[in-house]
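These are the residues of each chain, in order.
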Amino acid sequence: MLKIENLHATVADKPILKGLSLTINAGEIHAIMGPNGAGKSTLAYTLGGRPGYEPTGGGATLLGQDLLAMEPHERAAAGLFLGFQYPVEIPGVSNVQFLREALNSQRRARGEEPLSAAEFLRLAREKAKLLGMDMEMLKRPVNVGFSGGEKKRAEMVHMGILDPTLAILDETDSGLDIDALKTVGGGINAIMRAPDKAVLLITHYQRLLDYVKPDFVHILADGRIVRSGGPELALALEREGYAEVIAA
Amino acid sequence: MSAPLKNADALEAVRKASDYEWGFVSDIEQEFAPKGLSEETVRFISAKKNEPSWMLDWRLKAYRHWLTMEAPDWAKLDVPPIDYQDAYYYAAPKKKEELGSLDDLDPEIRRTYEKLGIPIEEQKVLANVAGAPRVAVDAVFDSVSVATTFRKELEEAGVIFRSISEAIREFPDLVKKWLGRVVPMHDNYFATLNCAVFSDGTFVYVPEGVRCPMELSTYFRINAENTGQFERTLIVADKGAYVSYLEGCTAPQRDENQLHAAVVELVALDDAEIKYSTVQNWYPGDAEGKGGIYNFVTKRALCQGRNSKVSWTQVETGSAITWKYPSCVLNGENSVGEFYSVAVTNNFQQADTGTKMIHNGKNSRSTIVSKGISAGRSNGTYRGLVRMAANAENARNFTQCDSLLLGNRCGAHTVPYIEVRNPSAIVEHEATTSKISDDQLFYAMQRGLDAESAVSLIVNGFAKEVLQQLPMEFAVEAQKLLGISLEGSVG
Ligand SMILES: Nc1ncnc2c1ncn2[C@@H]1O[C@H](COP(=O)(O)OP(=O)(O)OP(=O)(O)O)[C@@H](O)[C@H]1O
Ligand SMILES: [Mg+2]
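Residue numbers (our numbering), protein chains in the order written: chain A, 1 to 248; chain B, 1 to 491.
Keep in mind that the hints were calculated from the coordinates and are not lab data. Don't take every hint at face value.
Said to hold, decoys possible - Some chain A residues near chain B, calculated using beta-carbon distances under 8 Å:
1) G48
2) P51
3) P72
4) A77
5) A78
6) V88
7) I90
8) P91
9) G92
10) V96
11) E101
12) Q106
13) H158
As the list claims (entries may be wrong) - Listed below are the simulated SDA-like cross-link pairs for lysine to any residue, each with C-alpha atoms no more than 25 Å apart in a straight line:
14) B:K464 with A:M135
15) B:K480 with A:P141
16) A:K151 with B:S437
17) B:K464 with A:F120
18) B:K480 with A:V88
19) B:K435 with A:S94
20) A:K151 with B:M185
21) A:K14 with B:M185
22) B:K480 with A:G148
23) A:K14 with B:T414
24) B:K464 with A:N104
25) A:K151 with B:S434
26) B:K435 with A:G148
27) B:K480 with A:V11
28) B:K480 with A:S147
29) B:K435 with A:M135
30) A:K139 with B:N460
31) A:K151 with B:E465
32) B:K435 with A:F146
33) B:K464 with A:P141
34) B:K480 with A:E244
35) B:K435 with A:S147
36) B:K464 with A:E89
37) A:K151 with B:D439
38) B:K435 with A:Q97
39) A:K139 with B:K48
40) B:K48 with B:M185
Just so it is clear, the structure is predicted and the values come from calculations on it, not from any experiment. We put the beta carbon where it would ideally sit given N, CA and C, even for glycine.
All chains should be built: construct the whole structure from the sequences, respecting the hints.
If you want it as structure tokens, here you go:
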């Protein structure tokens, strides 16, 4: 589904990704862990097409389409969703309005009929419920005045509504309390665990992986994948730390 | 603006079409005043309109005074010299005789309004949109009003809704009583010019205790080349009356600049309320700054009565240069003035706009919410005066002034003037300037919006407080317009 080959990328002319390769097949859940500043968010942004994150070598395809050649909104319509480490506030624009416009422009780009206001509200209500979020929150402006945990939960409601093929979730677990972690984990499974979908979880801790069991775990350090393994790799990291595990 | 009552598909089409959808020219036979400005021009206009002699005298007095005046230069605007002799001051569709009914309207003019989506035929309004609120329209084409709708029904409610030319003939006493009372003849250069050569506009009188049964609107269209439009609008709400009035405007796309110098006067007596909404979409000039309308407008309301209220809401997206300060003179005790404004400038547009709230009455209150959006190489200025006169006991003002910048080559400026002569008065002023951040843009695009929709959404969010003051159909229109006027500002 996602094929990243020897990807190089710079931020402000500084090389951050230095030959990263990773393949994710449909139906799989992968986790990426790695020290602060290793380039995890940079990978997510580069795949999402964020201006300023310049691919300088290698490539990435989603279902065979050249991701790097597309505009960010085209990548979204092609099925890519980024859960942001720091979700962004948009004053004056309600989540409902924002997501309905976003979903309908994705649908139009794919040649599908846009949803009516009523159909959309039904969908939004269902996904809000799945993530344990009050519908009233969705009527508020995007992320404005949301607590850190509420923002992360809202990201997952966005994901539920947009129903992507591939979700890259950047530290979705950080900021969540213990109960929220469980709800969000359940939500990710419900929305994304399917034979034709895949997830890339970026995280620092095992706790999310207790709920969303990864098939593969990778360690990203200094712009490359330096080790890959099964779920046991995350447990080893938690016990021993990066220095030990990378050296081993 | 385009139509208040169009369907979503048409809006979508407008959205996808070229930059300025309303830039077409209608091919109709027209009649002009002799070119240039002179007493002769003034007499010509007055005669064309069959005006009584008091009106002509008033115009001539204004003209003679105007000759002694100089154009204002205090605004933050770069206004090229205007050759007042190189323009026409009157252009009207040629007609054989007085229009008996709408059926006699030149089909080309009818098509123009159809193209603009303006409902000038009552049955159409009713047929097309079931359950939609009805809007009565005064359609002003260059210098003359070509149609006013729903007259009958309004008359039954006691509301007078006429072109100002008709009102001068039919209701001379009412017009005489209030014309020039709010904006005096000598007020300023452009207002005085308007007094001399004003062509057409709307007159509304809502009698005591009457709530106007529908929204009233005037749709201004400049069509003729080299022609100035000098509209004059007078709205009087008698004691306890209420009226909501909408104003929209467009003009063809032309390389020369055209002058639009309007005067709007509002009067609210005891317990009366006037809500005045404008969506201004004059041709702004092209991306290189060529052409466009000079929009030099004096709008003022007299809140004369106790508990009277006037609310100005404006969405300014068009014009090459805008010079406009819809104001309230709050004479009445407990009177209320409001000014809600969104002003967008793109490419080489310039706007210097704001308001004056003059508090004379006890406990008078005013609210100012101004949202400026600048893109391209444009400049937007908010200029506002809040004056608390000596006897304005316990008067209050709250001002919120926000500017949003798109890109690095545009400017936003805030110039508040505050004069307080009564120690019990309270004036609050808040101002912010922000940019649409790359974070916001990328976030919205990652969710599936293209760059232009993302900007449009963010800008509409920024302007929401003002947009929600507009009547519903107008708000939808205005939202689309904000998006369209910012097209090409990101990329
Ligand atoms: N705009 C920028 N200018 C310069 N350097 C940047 C910029 N953005 C990111 N970087 C650098 O790129 C490197 C990778 O950052 P990135 O955010 O991808 O790390 P990360 O792996 O997500 O870290 P964390 O675990 O702390 O979230 C860091 O050294 C960071 O300082
Ligand atoms: Mg990160």
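>> If you test the structure against every hint from before, which numbers come out violated?
In response: When the structure is compared with the hints, numbers 5, 10, 20, 21, 22, 23, 27, 28, 29, 34, 39 turn out to be violated.
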